[in-house]
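Chains as they are written, first to last, in my numbering: chain E, 521 to 655; chain V, 521 to 655; chain L, 521 to 655; chain B, 521 to 655; chain R, 521 to 655; chain S, 521 to 655.
Careful: at least some of the hints might be erroneous.
As the list claims (entries may be wrong) - Distance condition first, Cα-Cα at most 27 Å in a straight line; then the derived DSS-like pairs of lysine-lysine:
1) E:K527 to R:K584
2) E:K527 to S:K527
3) E:K584 to B:K545
Everything labelled a hint here was simulated from the structure, so no lab data went into it. Small disclaimer: the values here were computed from a predicted structure and weren't measured.
There are 6 protein chains.
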Amino acid sequence: MTTVHRKAHFNAAHRLFRPDWDDAKNAEIFGKCSNPNYHGHNYELVVHVTGDIDPETGFVIDMKILKQIIYEEVEVAFDHKNLNVEVAEFRNLNPTAENIAKVIWHKIRKKLDRALTLSVTLYETPRNFVTYTEN
Amino acid sequence: MTTVHRKAHFNAAHRLFRPDWDDAKNAEIFGKCSNPNYHGHNYELVVHVTGDIDPETGFVIDMKILKQIIYEEVEVAFDHKNLNVEVAEFRNLNPTAENIAKVIWHKIRKKLDRALTLSVTLYETPRNFVTYTEN
Amino acid sequence: MTTVHRKAHFNAAHRLFRPDWDDAKNAEIFGKCSNPNYHGHNYELVVHVTGDIDPETGFVIDMKILKQIIYEEVEVAFDHKNLNVEVAEFRNLNPTAENIAKVIWHKIRKKLDRALTLSVTLYETPRNFVTYTEN
Amino acid sequence: MTTVHRKAHFNAAHRLFRPDWDDAKNAEIFGKCSNPNYHGHNYELVVHVTGDIDPETGFVIDMKILKQIIYEEVEVAFDHKNLNVEVAEFRNLNPTAENIAKVIWHKIRKKLDRALTLSVTLYETPRNFVTYTEN
Amino acid sequence: MTTVHRKAHFNAAHRLFRPDWDDAKNAEIFGKCSNPNYHGHNYELVVHVTGDIDPETGFVIDMKILKQIIYEEVEVAFDHKNLNVEVAEFRNLNPTAENIAKVIWHKIRKKLDRALTLSVTLYETPRNFVTYTEN
Amino acid sequence: MTTVHRKAHFNAAHRLFRPDWDDAKNAEIFGKCSNPNYHGHNYELVVHVTGDIDPETGFVIDMKILKQIIYEEVEVAFDHKNLNVEVAEFRNLNPTAENIAKVIWHKIRKKLDRALTLSVTLYETPRNFVTYTEN
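Chain E with its partners taken away, still in its complex shape (with noise of 0.2 Å):
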C-alpha cells in the first residue's frame, strides 16, 4: 500500500456561521470565530492518494497532474477569497474545518481515476486541523 501525499496552500476569510440563525445565536454556539466581519486563515491542505506503484512510471499517480488538480480545485476556488460569500458550496454550509475539507475531498474526487482512494487534511491553525475520508 503507497500513498502520495502533495501539500498545498491557500489563505481565505470565513466566519462560523448559520444563515438560518442570528448573529446572536451564531455568537453564543460559535464564539469570537462568528465575527459578522470575518477573520482568517492561512489554510495548509495535504491531499493523500493511496494506489498501487506503476510498474513503467514508478508513481502511484503523476504528481504535476495531482497538482494541477489541487490547483484548479482548491486553490483557483479558494485562495483569497472570503469562504461564506464567494464560494458557492458555504452559501449554506458553515465553514468549519471539517466542512471545508468535506468539500475539498468532494471536489478532487471527481478528478481522480476510482482505482484512487482519497483522503485530505486541512490545517485551519497549526494547532487545529481536520482528516476527511470517505469511502
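On the provided structure of chain E, position chains V, L, B, R and S as indicated by the hints.
Chains V, L, B, R and S only, in chain E's frame:
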C-alpha cells in the same frame, strides 16, 4: 470518517527508571536517559478525535471543549512537573514516551463521548514520537 | 548584547485597500489582495527585546511580563478581527504586513522600559514576512 | 496499538530515468526531474514501528536499536550518494519517491522482529512525500 | 528600518570540488561532499530587502515583483540543475553554501533599486545555512 | 559579510533558582519555572559564525570543525543533564535561557579563530528564545 486534530505542549523533567531496579541496572538498560538527576523535554502532543460531523454545528467536537479537556487532563497535570516524582501515574510506571502517551490516552478518553474514537501522538523530541490508540 | 524573542499569533481578515482610491484602482495596484470581501491569514509574530541581563534574575525581561504585553496590545486587539473594519489604526492605513508590523511595534514600544530596544517580525504567510525596527 | 516514529535524513542526487528508454523518452515522461546531469534532495525519512509496549522496559522497540538500523540500512547506504549510479537497488529501478520508500521498507523490514509492523514515510521535499506499507 | 523577507526554494545536485585539484585532493579536503557522482539538496532561500515603507502603497517592495525576480534569477537558473555542470557561475567556483549565497546575492542585487539593501540566507539543509550581505 | 549558521540540540532538566534565596523567594519570583523537582526542555541551538569566505575552500569555517566544537563544548557537556546539579557553570548562575546562551557563547568563543565573530541563539521552547553576542 472525519478526524479533528488538536496540538498542545508541556515541558517536563523525567528519567527512564524502574524503582524495582537499582541505578546500575537502570543505567545498563536505559543509558543516559536514566540519569538519576533527570533530564527533560518540550513534549508536543497531538490529540486525534474521530467521529461524525454534527450537521447542526459542522463540528466533530467543539475545539473549545477539546482544548479545555487537554488543558485540565494534561497541561495542568504535567506542565513544568517532574513526571517521576510529581505525577501519580508514573510512581510505578516508567515514563517512556509510549507509557506517557498511554496515560494521556486514558485521561482524555474518560472525558470524551463514547461515540468518538481517540488516538494521541506524543513528540518527546522532533525526531522521536509515539502514537497510542486503544479500542 | 542579549535579545530575547517571544512568539505569538493571531488570525485576522484584511484586504489591501486605500479608502481614497476606488475598488478598480485598488484592484489594479493590489491585485487579488484587494478582494472587497476580504481574505485572511494566520499571522505569526516574533517580538525581539534587546537589553542587558539583569544579574539578579538572569532575565533581559521577565517573559511573563512580555507575554502579557503582547496579549493585551496585539492578541486582544487583532485576533479574530477584520483589520480594516474593526481596528482603529487601519481606518486610514493600508494593512500591509509592513504597516501591521509598524503598528505593533508602536503599541509594544510604549509599554517597554526605555532601556530596552525593540524589533518585531510579522509573518503574513510562512513565505512572506516583515521585520520592523525604529530607533 | 502503539506506534513509535523515528526521523532521519540523507542528502542524495537522483534523476527519474528508465535505462530502457532513451533520454528523449525519459524527458517526455519525467520532465525536468529527468535532467541527465541529476538534481538532488534533502530526503527526510520517518520510520513507523507498531507493536506492543514491553511491560518490562516500556518500549515498543528500543530507539537506540531502531536508530542504528536506520543508520546502517539507509544513511550509510544513501547519504551523499547518487542513487542512480551508486545504489545497487536503483540500477534497474526508477528512484521515484515511491520506489525509494519501497526499497527502504524492505531494507529495514528484514532487520526487525516479525512481531512488529513497519511503515515508512519519505519526504522528497516538504511538499511531496510518500508512505509505504506492505503486509 | 523595515525589512521584507521572501522565501523560495530549488532542488539541485552539486559536489564540493575545485577543478584545479584532483579527486584525491578534493576528497581529502571536502570529504563525502566531494563525491564525484554528486549528491543534492532541497535549498531553501530567504531574500531580505530593507528600505522605507512607501506611504502610497504601504510596501517596501511589491512582493509580486520580488517573487518574479527570485523566480527568474534563481529558480529558473538553478532548480533541478547540476550546479557544477550546468550553472555558468560555478564552472570555476566551488558551490559551497557560502558561494551559492554570494552568487544569488549578486544576481538579485542587479535587479533591485539602489535605495534598497539586500541580504540573502540560503539553507543547504535545515541544520546548515548561510547569510550573505555585501555593501 | 558572510555568516554560517549551524543547528544543534540537547535535552536537559533545569529550574530557575538562586541558591542564595530560599524556595519561597524563588517561587515568588520565578513561578512554576522554579519547581524544586525540576522540569526540562528540548533546547535547540543555532551557532552563527561570521567572517570572510576563504577563497581556497569556499568556506567561512569548515562545518565539520564547527560541528565538532559544538559537540564537545555543548552536547557532551549539557545533553541529558540536570543543568543546576551537573553543570559547573550553573552552580552559582541561574540557568535562564539568557545565561545558558551566554555560557555557550563563551565555551565556543574560546575554540574559534579570533578573526571570526560569534553569536548564539538558544531556543528554550519554540516560542521563547534568546540571542547572545559579545564583542
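Given the hinted pair E:K584 and B:K545, is their Cα-Cα distance within 27 Å? holds, 17 Å
Would you check the hint for E:K527 and S:K527, treating anything up to 27 Å between C-alpha atoms as holding? Roughly 26 Å separates the two Cα atoms, so the pair holds.
Pairwise hint evaluation, R:K584 against E:K527, where the allowed Cα distance is 27 Å at most: holds, 22 Å
Of the numbered hints stated above, none is contradicted by the structure.
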